[in-house]
Amino acid sequence: MLLTVVVLLPLAAAALLLAVPALAGRAAIWVWIAASAADLALVAWMWWRYDPGQGATGVVGNLAYEVDLRWIPTVDAGYHIGVDGLSLPLLALTGVLFLACAVWSLREPDRPRAQAALFLFLQTACLGTFAALDLILFFVFFDLTIVGMYFVIAGWGHDHARRSALKFFLYTFVGSLALLVGFIGLFLGSEERTFDMVALAANPPLTDSPLAAGLVLLAIGLGLAVKTPLFPFHTWLPDAHTDAPAAGSAILAGILLKLGTYGFVRIAMPILPDAWQRWAMVVVVVGVISVLWGAFVALAQTNVKRMIAYTSVNHMGYVLLGLGAAGLVGQADAEARTIATVGALYQMVGHGLLTGALFLLSGVLWSRGRTYAFDSWGGLARPAPVFAALLAVAAFGSLGLPGFASFIAEFQIFTGALQAAPVATVLAVTGILVTAGLFLVALQRLLTGPTAVPSVGEDSGSDDGDAGDVAPSSRPTEGGATATALRRRPATGMRDVHGPELGAVVPLLVLAVLLGLFPRALLDVIEPAAAAVAQLVAR
Amino acid sequence: MSGSLGTTALGALVLLPAALGVLLLVTGRRADRVAGQAAVLATVGALALAAVTAGDRPRLSAPFLGIVRGGELGLAVDGLSAVLVVLVAAVALLTTVFAVVDLPPDAARARFFGYFLLFIAAMLATVTATTFPALLLAWEVMGATSYALIGYRWQDPGKLNDGTRAFLTTRAGDLGLYVVAGAALAGTGGLVLRDLATADGGWLDLAAAGVLVAALGKSAQLPFSAWISGAMSGPSPVSALLHSATMVAAGGYLLLRTQPLLAATGWAATAAAWAGALTALVLGAIAVAQRDLKQLLAASTAAQIGFVILAAGIGATAGGTGQLVAHAAVKAGLFVATGSWLTALGTKQLPRLRGAARRYPGIGAAATVAGLALAGIPPLSLWATKEGILAEAGSGPLRMVGLAAAVLSAVYAAKIIAIVLARPTGVEPLDDEEPGTRRVPVPATATAVVFAITAAGLGALAVPAVAGALEDVLGVEAQPVDPGGLLVGGVLAVAALAVSVVVVRARPAVVRDFERGPLGSWVGLRRLLSPAPAMVVARVAAALDDRVIDGVVRGVARTVTQAAAAFARADTGVVDGAVRGTARAFRRAGAAARRPQTGLLHQYYVQAVAGVGVLLAFLLIAR
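Which chain is which? The protein sequence lines are R and U, in order. Each residue of the first sequence is one higher than the one before, starting from 1 at the first, in UniProt numbering. Each residue of the second sequence is one higher than the one before, starting from 1 at the first, in UniProt numbering.
The hints are simulated quantities; they were obtained by calculation from the structure and are not laboratory data. Don't take each hint at face value.
Claimed, not checked - Chain R is faced by these chain U residues, among others (derived, beta-carbon under 8 Å):
1. L175
2. Y178
3. A181
4. D545
Since we're looking at a predicted model, the values are computed, not measured. Even glycine gets a Cβ: it sits at the ideal position worked out from N, Cα and C.
Chain R extracted, bound-state conformation (with noise of 0.2 Å):
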């Protein structure tokens, strides 16, 4: 009942808005913040609650909050919903970054009412398809989410807002209907005909006959690749990320890329596991072309937001290449699989917070000088010291500095796929130098040289340097402190990062931080659901 809450509680808000016209302006913002903010101390409390148990533990078993209704008998499926080491700290991860994207959008008051019951739509598809353990349910979600960010980049976006939107949708719509294919295929190879995934792990079909297993396995794959997305089905994340705004690039990288990830952890492997055995080695590849194909294409970025979203492609590949080596059995005994598969989870929470905060940070640049581009902006350190240190922060974060969560999961994807994959695992060690060299690269271009801010364009009625930003209250009015935004010259100052965009980034940052000091307080809850998801695939 209570995770039903969860699900459902932004969905209701979002009626609540709709309903109620007198909620518009910043009002509706906070009651956005509200829903957001019970809905993650509902979360808090499950994790308060919540048992990780010893050894595996999770996925065919102790699962908690765990809900199951009958709803479409002739074909077995269920609301089914519960929460295991899976699902958990994703369901956090959600939490904390609509939160976040509430905050946020306090300075950004575009038609706040509609954005605001956009995005808690679009949180309880997000936290169903996280909390489904039914496929036709976690199709269900799984489709809304895309619905859901098709209009956000549509309505909020900017420059090629309905072009990216279109692409986007088509693209990664098109690969949720091979994901229903394989769902399909799942259910066909079922003995009891279900659409179960706790019965289908449990007692996994298809099992006598690998060329079906194998070709589920690619529809699945397929659909979950163009979602994370994998190379070579990652063309439509740059493009969708340069025209969204800052709120929904947050959310598209910080939660939405984790929806295909969490697909192959939840689904494929525990599904599928000879399947997932004998294609591991493909798995891995792709991981490592990934890892090292983002990367590099992300160096050769002109445009701060699409070297961001390609960072993306670089920190899913990583992933892959932990669970690819969690299915490699005969290769790697089960603990370094299993510290592989940890590793996978830890940096779907880590890229989360630290990718949703490079993205915020990135729409103060919009917000400021309407532009992305590179050659547009330097020396900001100097007008915007706390930007620089926000934004070096984020960057040290993603590059995998240790002190931060990404280092937590990439240090045990690595070690743990060694043993079974040791070249392309060598291979993918290097994507960390070339992750770390574009960071800095792009530190030094934003940060350092001669201060060059990009005069906003003619439209802009204010003279703050902050165009297009209407709201009264966001205006700066303390005199002195903000005398340099004041001057409407190219090439002299920005105003610096302040209040809501504070109250959403550094939150963030610090969780990064805590994540990546403090491992064990997500690992204890990974850790027994990881073991059980290497025991599974080793069936």
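We have chain R already, so just place chain U on it with the hints.
Using the frame of chain R, we list chain U on its own:
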């Protein structure tokens, strides 16, 4: 009871500087006024704690990663670590004192000392780490903070770039440590550093290769050496800390620590020995050709650490440790002197530093003693430690290379000494890099003097009893130093020093020509670290990504649209055309059927007659 005290001390040794560093960084410029004093207090505390842990030899572990042995953060102080923590803490304290007086009054001190303390904490953790998570955490944080320290004056063009290059080069080496961790897990089933030498099969070789790459990168050995040249962009106190007892020393420490692993492979120990010896030789030659004093010291640092790497390769742990400690004192003293001259005289170009030692006699004397120690002059420290290493190098080519490198140290040290001790002409063009203050503060002189005394005093390591005491601390056995070797080494160093001083004084043109040669510009080592190849790969990949991969996607979309248009055309043209054609045919037929119905009776009669005629004809024919 003392165990828990030592454990607490070990934890505090790392956490005290780390916590204060973070606090200073978060507080920002508001803490500028107290940052220096706070840092001095923290490093005093760290030195006291280091002394406690060196005596107590505690172990400490904190929960971190799970599943396997060694996933936790493990720290411990054994003999080697005891020497290193005291060394690092002492050098940290002295360089912090120097930084307090050397930084300009308006500097962003909170940021400086914040990173400085974080760096110190990372180095202290590195030399006490017992598990891979702890080692990598400390090791990489040290690299990242060195980036921030080298690029401290980011406002000056190019300085942050030097930091970037240093970080990327050392991180390229760090990749080796990630691989080692994986090899440890695969080969030993755990992540404990000490178990590494017991790894089985190919994992042993992979681990040794990873350790070598990591150590060579961090210690600026060939082929990674050039980053240390750019690292001289950092403020002088940073150079004094990074390039004496920390950072570059970390690679040497790592190899001394993993010596059993290197020995177990059979090839890695030899590779390390040669990498160190060749670095000592090549970087020594580069040092001779430097005109900028800091660049000279940078090259010399890589060269002197080369002897430590050589020692690790041949198993001379005691000699290598002695060299590490002695070099730290010598080089920190010289960097403090160089930094003080730069602040006072506004230059670090050797020709312009003519007579610098005479202008400020206190620090000049300290620099001279440190310089003589660097030259390997008896009875000073590096003479003794270098011989301690070469004594175990056999008598083959390795020893020859080592001796040649030792001679080169005497040559470049002579170059410094000859110039700074010369009588100033009074027309040296000063202040070419920054306006000098013409003042060397007393604390700076005091720091340099302490370093110089240590640098001289460690010559006692030539005495077998003293060397034996160090061996006892480290728990190793070393070959007794051969008095003949000591004599030969000493004579060679003195001769090389004398000849070089004469050449530098009498034939400055020879020196200038040498400086303009390829050695002066680091013989292309900088080009080795060029990012250009990576950028080419990146641009090609990006173009492929855009044109080919996304091109296919766009092509599919276009094809679908075109096919849809074709279907639409077919739909309107063929399918709907057929419908419309049928309709048209019926309309025409209808129209045709209407035509005879004119309403005129005579025409109907004619039609009736024609009809009857046709019927008759039909009946006639058909019958």
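* Closest C-beta approach of D545 of chain U to chain R relative to 8 Å, hint status -> This interface hint holds because 5 Å falls under the 8 Å limit.
* To do: Report holds or violated for the interface hint on A181 of chain U, using the least CB-CB distance to chain R and a cut-off of 8 Å.
  => holds, 5 Å
* Mind checking the CB of Y178 of chain U against every CB in chain R and telling me if the closest is under 8 Å? => holds, 5 Å
* Asked: Under the criterion of a CB-CB separation shorter than 8 Å, is L175 of chain U in contact with chain R as hinted?
  -> holds, 5 Å
The structure agrees with every numbered hint stated previously.
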